[in-house]
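Engineer: What follows is the residue order along each chain.
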Amino acid sequence: MGLRDRLLQGLTRSREALSEIFYMGGEVDEEFWEELEDRLVMGDMGAEVALKVSDDLREQAARENLRSAGQLKEALARRLSELFPAAARDPFSDVPSCVLFVGINGAGKTTTVGKLAGAAHQAGLGCVIGGADTFRAAAIEQLQVWGERSGCEVVTRERGADPASVCYDVVARAEDTGADLVLVDTAGRLHTSPELMRELAKVVSVTRRRAQMPVCVVLVIDATTGQNGLAQAKEFNDALDLDGLIVTKLDGTAKGGIAVGIADKLKLPIFRIGVGEGIDDLQAFDALEFCRALVGAGEGK
Amino acid sequence: MFDSLSDRLQSTFDALRGKGRLTEDDISSAMREIRMALLEADVNYRVVKGFVAACKEKCMTAEVLSSLTPAQNVVRVVLDQLTQLLGSSESKLVLAQNRTPNVIMMVGLQGSGKTTASAKLAYLLKAQGHSPLLAACDTHRPAAADQLATLGGEIGVRVWRGDGKDAVRVASEAIQEAVDHLNDIVIVDTAGRLQIDEEMMAEAVAIKDAVRPDQILMVVDAMGGQDIVNVVSTFAERVDFDGVIMSKMDGDARGGGALSVREVTGKPIKFVSMGEKPDSLEVFHPDRMAKRILGMGDVYGIIEQAQKVADEQQLADAERMLLEGFNMNDYLDQLQQIRKMGGLQKMIGMLPGGERMLRQGGSDMADEDQLVRIESIIRSMTTEERLKPKKINGQRRKRIAAGSGRSVQEVNQVLKQWGEMNKMMGKMRQFAKGGSSKKSMRQMRGMMRNMGMGGMGGLGGMGAGKLPF
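Sequence order for the protein chains is U and D. Read in order, the letters of the first sequence correspond to residues 12 to 312 in the working numbering. Read in order, the letters of the second sequence correspond to residues 14 to 482 in the working numbering.
Now the stretches of chain U that chain D is said to cover, found in silico as 3 or more residues with beta-carbon under 8 Å:
# : stretch
1 : 49–61
2 : 113–120
3 : 202–216
4 : 231–239
5 : 254–268
Each computed DSS-like pair below joins lysine-lysine, with the alpha-carbon atoms no more than 25 Å apart:
# : chain 1 : residue 1 : chain 2 : residue 2
6 : U       : Lys276    : U       : Lys245
7 : D       : Lys62     : U       : Lys63
8 : D       : Lys290    : U       : Lys213
If you are wondering where the hints come from, they were derived from the structure by calculation, not from laboratory data. The beta-carbon is built from N, C-alpha and C at its ideal position, and this holds for glycine as well.
Given only the sequences and the hints, what does the whole structure look like? Please build it.
Structural biologist: Right, here's the structure in full:
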């Protein structure tokens with residue numbers, strides 16, 4: 012199954028929702044625009060962004076004389092995809108590389124690390140996993156299971172140990188073994204906790220100083236997150252200077268619209284999206300394809 | 014991050030100042046603001062539509078209190094309506110009287126916080142005199158059972174793990190285990206599942222059929238967005254839960270999902286989960302939630318947080334301060350308490366109108382560094398100096414400045430602030446001695462107010478004044 016199909020599958024609900032509007036006969040009336048706005052808001056895009064996007068589209072439609080559903084969909088998909096900045100470098104294939112995963116509790120950091128380690132191993136890269144979540148009960152055990160599944164070594168310490176020291180160890184280990192990719196899982200924390208954010212800033216700065224290879228900090232964000240996702244991304248970005256995002260759990264009915272808002276506000280690229288439970292279900296992100304799938308463009312060809 | 018509702022409405026109504034009554038147009042424009050506020054709080058779009066329509070109706074017909082401004086009147090109507098919808102009374106956990114063990118089953122999406130909430134619930138029930146048993150029925154996520162076992166160990170509650178493969182069997186065995194060991198409540202922690210995952214939903218139903226739970230609680234992430242209605246309505250349809258635990262409420266998400274859940278499923282919210290510690294599961298208060306959703310500040314939240322931080326030792330300290338005066342060690346303690354409670358910025362943000370103050374004050378308002386600077390200055394004083402700050406003369410000031418790496422002026426400012434606080438304590442001491450005549454009580458209350466809200470405004474510059482706590 013190709014990326015496109017997976018995306019289409021994962022985003023079926025939202026596509027259907029938007030398609031409903033676009034197939035409401037040929038006439039584009041006031042009700043249509045209102046309905047469109049509503050649907051975008053329902054996709055967690057945020058009221059502000061939704062209004063902006065639909066206003067822009069309305070202007071464009073008048074300017075370019077767009078009438079048909081297909082044209083409007085394509086225009087909307089392009090309009091939305093323009094909000095996403097392109098990644099200058101993919102930290103998971105341009106090796107050597109060290110990536111730290113940060114985010115709030117339950118966003119899917121550990122699972123993402125496990126999946127990426129599996130993909131790296133399959134691609135023939137030497138990969139070491141760092142278990143710097145020394146806080147949550149059984150986080151280390153969970154990561155070790157992923158290490159066995161993916162065939163990658165896990166470097167960690169006992170629960171309660173200093174997470175920065177784990178990063179130091181894992182980078183040293185990677186240099187000893189000549190590994191290409193280092194993936195570090197950190198403890199989930201709310202962006203509103205200043206103490207925990209300071210701790211994380213230390214972890215990041217220790218890793219940046221210690222590692223010879225380029226270090227990337229990636230925020231993992233759950234697609235079901237609402238408008239608070241913006242606050243999360245902003246706080247993490249302020250504290251850690253993020254390099255990009257991974258959006259997880261796009262296989263549900265959540266539309267992941269908050270990704271549009273974050274990309275628009277913070278200009279952060281999206282490195283991967285999670286569209287399923289399997290080890291291969293973490294896909295590269297293609298903004299146009301993502302937005303096309305979101306609005307249902309090119310459907311029924 | 015967001016404008017609080019009253020601020021937004023205020024700007025809408027600024028244009029209407031002086032008007033005796035509001036026209037329908039005025040109310041419509043106020044409702045637009047309310048709609049945006051609710052959408053920003055992640056209340057589901059359809060729910061917002063219905064709610065705003067109902068509020069408008071109420072505003073048109075409601076009795077207008079003349080003591081309030083038009084903006085306040087609208088806010089009052091909206092707040093009442095919201096509180097009512099969220100559940101007009103606190104709904105507690107209902108346990109069956111005639112069945113032992115009682116079974117509570119937890120369900121929810123991945124990462125919503127079920128395992129943590131299970132342990133917290135066990136802790137709460139244990140504190141109430143029950144003897145809970147935790148059943149680790151999440152057989153899908155790696156090491157989920159280990160997590161529950163660790164948490165159970167920390168709070169002294171037994172955990173039944175079974176073979177860790179068949180969730181239904183683990184659940185059934187846990188009940189037998191509870192009977193054998195005289196546990197009166199079994200809390201069944203299940204795997205996280207997407208509501209569209211047929212296989213996993215069927216598993217949840219199978220567990221439910223096997224253990225016939227007395228209560229099914231759904232854990233819902235307070236940060237969740239619009240999609241939460243799809244999730245809860247499917248869960249309500251398939252497994253039919255009895256109540257909701259809102260998790261991750263210690264963040265700054267406004268938690269509009271709570272209103273969506275109530276509106277779409279009619280199920281009550283029973284608990285809110287406020288942090289990582291086992292004792293952070295709290296009873297749900299609809300009125301507070303309503304204010305939070307509208308971004309109106311959470312005064313009770315501050316009080317409770319303050320209460321949590323204050324222990325008996327500190328109460329004794331407060332009494333001593335009142336009787337003997339306020340020394341530099343007390344000042345230091347207060348600074349540290351503010352930091353424990355999440356810093357000045359967070360606390361001011363929680364006050365009504367606080368967000369507006371923060372925005373107006375700019376970034377140096379509530380500067381956390383300032384607290385650190387004051388702390389370093391106090392820490393450069395000798396024990397004697399801290400107990401008797403009046404002893405600090407010019408030479409000592411110079412030494413303290415050098416020791417803390419600050420200027421003498423800054424040291425002077427800290428001493429001045431201390432002096433003001435001590436003066437305040439002195440006045441309160443007089444009242445405390447003078448008994449509780451009505452007049453002095455009133456004055457005292459006024460003074461408390463000055464210390465609290467009034468002091469806040471003075472936090473901008475170091476010299477400006479007193480710390481409020």
